[in-house]
Structures are given as structure tokens and as C-alpha cells.
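Residue numbers (full-length UniProt numbering), protein chains in the order written: chain X, 1 to 129; chain H, 1 to 277.
Since the hints were made in silico from the structure, they are not lab data. It is possible that some hints are incorrect.
Chain H side only, calculated, beta carbon under 10 angstroms to chain X, not exhaustive [claimed, not checked]:
#1 R6
#2 A7
#3 A95
#4 R99
#5 A101
#6 G102
#7 R104
#8 V105
#9 L109
#10 R114
#11 V185
#12 R186
#13 R187
#14 P193
#15 G245
#16 Q248
Some chain X residues flagged as far from chain H (calculated, every beta-carbon gap over 10 angstroms) [claimed, not checked]:
#17 P4
#18 L7
#19 S8
#20 L28
#21 R39
#22 P42
#23 R44
#24 L50
#25 G51
#26 A53
#27 E65
#28 A109
#29 S116
#30 L121
Computed beta-carbon distance windows for the label pairs [as the list claims (entries may be wrong)]:
#31 H:A168 x X:V54: 56 to 64 angstroms
#32 H:G92 x X:D13: 47 to 55 angstroms
#33 X:G55 x H:L256: 14 to 22 angstroms
For every residue, glycine included, the Cβ atom is placed at its ideal position computed from N, Cα and C.
Here's the letter readout for the chains.
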Amino acid sequence: MNEPPQLSVTTTDPTPPYEQVRRQLAALIGSGALPPDERLPPLRQLAGDLGLAVGTVARAYRELEAAGLVVSRRGGGTRVAGPPARPAATADDEPVLRAAEEYVWRARAAGADRGSIVAALHRVLDATP
Amino acid sequence: MPVFARAMLVLLLLGTAALVVVRALWPLTVPAPATRRRDPALKWRLAGIVAGAAAALVAVRIPEAGRGDLLAAPVFGMGVFAGALTGELTRGRPAGAVRRAGLRVRRTLDYVPRALGTGVTVSTVALFALATLTTRTGAPEAGGRVLACPGGTRGPWPGAYYTVPALAAVVAGLALAAFTLRRVVRRPQAAEPATADDALRRRSAEVVTAGTGVLVLVPLTGIALTAGLLLQSSEVTCGAGWWDGAGQALTALGFLAFAFAAWYGACLLLPGKRARA
């Protein structure tokens, strides 16, 4: 059996624990270590293992859900969200759309909001001849 | 019945001891390395086994025509579960500056040994089915201690007098086992790496499953053998022709349950393959 990915929380780190959890989960989702539809541990299990309050882990899960990285279902737990529905594309712009999707996915996993994602894209476009 | 039941309990202890020796001398896999840290819950589990055995001895001495013998195994099982539960509750909570957690969802089925768990399920169904049958066929006279025949009554028969307290104790034991198993799976990670923690959970789950097996199989042995031997007895003339066959089947079931009870007892005392890995 493969060793499952691990999270760690450093209590002496000034970053709030929920943000440490959110960042690591987002990075694992972005890198593909947590594939789409993978079930995340229940709140109580993860909170107990990390010695955190349930509300702390719940906040991290909520923020991941707001970013579209995970989906919570009543009775079904929290799972990694699948890739977003792809808009209809012509054969010519298919590779560009795929690259844009990947960029947006990774940027969201890193915690970027819509404004920063668009701004970063403009900066790169402006800097590239 | 009490003398026969006690003889069976003594034989069960001897059988369990023999199987423990067999498992210790010829283990299913290489023993765990000596350098592995000792499980702090081990002493609580052993204390539970000792306390359960002491409580079972007290139950056997209940002067009520063999009722105590049927209560012995459930009482023993509850001692085992109490010890296992205490061991789980005394494991440390995550502390220190850096805390780690695996991202795998823990499920009870991942920790319960499959063969032992299946055996417990089948035995529980068999126990309740057989006890319901013998309770319904027991004569109302003598509190269901005898079998009603047209020409009179025959006993001892495992009717309501025996089955009701025994099943009540089994149900209480099963509830405690389920609670303990839930705690084994849901407690916070107590050791690093996660694989070491998983091994601790597997052994605790094996102890609880083996304790449940003893809890269910010993009353099943008692009820099946008592009913089977009575149905085969030449004194019972009230039965139809197939009663003898039913008696033989129940006797065979009783001896099978007896052998499995000894095996579960051995699993309780020595870890199996999965729990050592």
C-alpha cells in the first residue's frame, strides 16, 4: 500500500493553522498528489490527528470549497473536485484552453483570487515580446 | 449441565493454551523486530484479559443451574474490551510544535482482520438464530429449562431460562465491542510514522475482534451442545425421525464453535500476521 500524503502543522509558525492546512491541501491538489474525487479525511479525524479544533480544519475545507478545489456533500464527505467543465472549443484554440485551465487550476491551488490570476497573466503577456 | 459446562470451559482453556503455544512456536510470519517500541496500551489489554478472566470465574460460581457458565464468556469479553478501551484512551494526544497527519480516510473494515471478522458475524447470526429456536421450543414450565414433549418434558434444554440472560450479556458485550472498535479507529494518530500507528490500530482491532469471537462462540457452543445432545438422547421419545439428524447437526455445530472459540482465544493472546506486519 502506498504511503498516503501527509500534512503537517507547526504550532510555532505565525501562519494560522487553518491557513497551513489549506495551503498544503491546495498544493497537493494542484500537484495531482490528491487526484480528483479522492476523499479527504473527515473533519474530526484530521483535527484529532493534528491536535487542532474541528472548526480550524472546517475553515480550511470551506476555503478550499470556495476556491472550487473540493466539493462537500452531505453524507458523502469532502472530495477533491474534478477539473472544471470545459467550454466548447475549436481545434485551433484547444491547446491554449488546456494551458489556461492548468494555469488557473494551479493558481487557485496556490490561493490566488480571480484578480491576481488575471493580473499575473497580463504581466507575463506584457513582459513577453 | 454445570459439570459438563465447566468441563467444556476447562477444555477450552487448555485448547486455547495449546494453540497459543503453536502460534508462538510456529508464527505465521517473522516476529516483529525487537527494536520496535513497546505498545503502551499492551499492559491495559493484558489487565483487561486478567480482569475478564477473574470476573468469568465469579460468574461461573453463580449457583443457578448452569446460568453462570453461559455468562462467563460475555463477562470475560467485556473485561477484554474494557482493557482495550482503556489502552486506547490512555494513548497520548498529538503534542509538540510539529504535528503530522496522513490523508487517508480510516475505516473500521480496514483494521478488522477479515477472516476473524467474518467468523464473528457468522457466529453471531448462528447464536441468535439457534437461541431463538431453542427459546421458542422450550416448555413454559420450569422457566423454559426443559423441552416440551407429548409424553412429558425433557431437560436440560437451553430455553428462556438460559438464553435470555446469556443473550442480554452478549448484546451488552457486542455494544461495548463496537464502541471500543470505534475508538480504536477514530482516536488521534498516536505514533509516527502513520504505518506504525496503523499497526497499533490493527492489533487493537484484532484483540477486540478475537474477544468478540470468544464472547459469541462460547455461548453458541453451550447452547448447541446442550440442545444437540438432548435431541440425540434415547430418552427423548417425543421427536420425529429427523430430530436425531438435527441433534447430530447441533452437536457438530457445538464442537465446531468450541474449536473456533479456542482459536479466537489464541488470537486474543498472540498477534496474527497482519498485526505483526
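Hints and how they fare:
1. For R6 of chain H, the interface hint is violated, the least distance from its beta-carbon to any beta-carbon of chain X being 45 angstroms, above 10 angstroms.
2. Interface restraint check: A7 of chain H against chain X, minimum CB-CB distance 46 angstroms, threshold 10 angstroms, status violated.
3. Annotation: A95 of chain H was flagged as interfacial toward chain X, and the flag holds, the nearest CB pair being 7 angstroms apart, inside 10 angstroms.
4. Annotation: interface hint on R99 of chain H holds; nearest CB of chain X at approximately 5 angstroms, less than 10 angstroms.
5. For A101 of chain H, the interface hint holds, since its Cβ comes within 10 angstroms of a Cβ in chain X; the closest pair sits about 3 angstroms apart.
6. With a least beta-carbon distance of about 5 angstroms to chain X, the hint placing G102 of chain H at the interface is held under the 10 angstroms criterion.
7. For R104 of chain H, the shortest C-beta to C-beta distance to chain X is roughly 4 angstroms, which falls under 10 angstroms, so the interface hint holds.
8. Taking 10 angstroms as the C-beta cut-off, the interface hint given for V105 of chain H holds, the closest approach to chain X being about 5 angstroms.
9. Among the interface hints, the one on L109 of chain H is violated; its C-beta lies about 14 angstroms from the nearest C-beta in chain X, farther than the 10 angstroms criterion.
10. Proximity of R114 of chain H to chain X is violated relative to the hint, the smallest CB-CB distance being about 15 angstroms (cut-off 10 angstroms).
11. Taking 10 angstroms as the C-beta cut-off, the interface hint given for V185 of chain H holds, the closest approach to chain X being about 9 angstroms.
12. Residue-level restraint check for R186 of chain H holds (minimum Cβ-Cβ distance to chain X is 7 angstroms; threshold 10 angstroms).
13. For R187 of chain H, the interface hint holds, since its Cβ comes within 10 angstroms of a Cβ in chain X; the closest pair sits about 7 angstroms apart.
14. A hinted interface residue such as P193 of chain H counts as satisfied when its beta carbon comes closer than 10 angstroms to some beta carbon of chain X; here the least separation is about 8 angstroms, so the hint holds.
15. Annotation: interface hint on G245 of chain H violated; nearest CB of chain X at approximately 48 angstroms, more than 10 angstroms.
16. At its closest, the beta carbon of Q248 of chain H sits 46 angstroms from a beta carbon of chain X; the interface hint therefore is violated under the 10 angstroms criterion.
17. Remark: the non-interface label on P4 of chain X conflicts with the geometry, its nearest Cβ contact in chain H lying 4 angstroms away (cut-off 10 angstroms).
18. With 10 angstroms as the threshold on Cβ separation, the claim that L7 of chain X sits away from chain H is violated: the shortest Cβ distance comes to roughly 5 angstroms.
19. Distance check on S8 of chain X: its Cβ comes as close as 5 angstroms (rounded) to a Cβ of chain H, failing to clear the 10 angstroms threshold; non-interface status is violated.
20. For L28 of chain X, the condition that its CB be more than 10 angstroms from all CB atoms of chain H is violated, with the nearest at approximately 7 angstroms.
21. With a minimum CB-CB distance of about 5 angstroms to chain H, R39 of chain X fails to clear the 10 angstroms threshold, and the non-interface call is violated.
22. At roughly 7 angstroms, the least C-beta separation between P42 of chain X and chain H is not larger than 10 angstroms, which violates its mark as non-interface.
23. With a least beta-carbon separation of about 7 angstroms from chain H, R44 of chain X fails to lie farther than 10 angstroms from that chain, contradicting its non-interface assignment.
24. The beta carbon of L50 of chain X sits about 5 angstroms from the closest Cβ of chain H, which is not more than 10 angstroms, so the claim that it is off the interface is violated.
25. The Cβ of G51 of chain X does not lie farther than 10 angstroms from every Cβ of chain H; its closest approach is about 3 angstroms, which violates its non-interface assignment.
26. For A53 of chain X, the shortest C-beta to C-beta distance to chain H comes to about 12 angstroms, beyond the 10 angstroms cut-off, and the non-interface label holds.
27. Consistency note on E65 of chain X: stated as away from chain H, and its beta-carbon is indeed over 10 angstroms from all of that chain's, at 16 angstroms minimum.
28. No Cβ of chain H comes within 10 angstroms of the Cβ of A109 of chain X; the nearest lies about 15 angstroms off, and the non-interface call holds.
29. Residue placement check: S116 of chain X keeps its beta carbon more than 10 angstroms from all beta carbons of chain H (closest about 27 angstroms).
30. Annotated as non-interface, L121 of chain X keeps its C-beta farther than 10 angstroms from every C-beta of chain H; the closest such distance is 31 angstroms.
31. A beta carbon spacing of about 36 angstroms between A168 of chain H and V54 of chain X contradicts the range 56 to 64 angstroms that was offered as a hint.
32. Separation of G92 of chain H from D13 of chain X is about 22 angstroms and departs from the stated range, judged on CB atoms against 47 to 55 angstroms.
33. The beta-carbon spacing between G55 of chain X and L256 of chain H, approximately 52 angstroms, falls outside the hinted interval of 14 to 22 angstroms.
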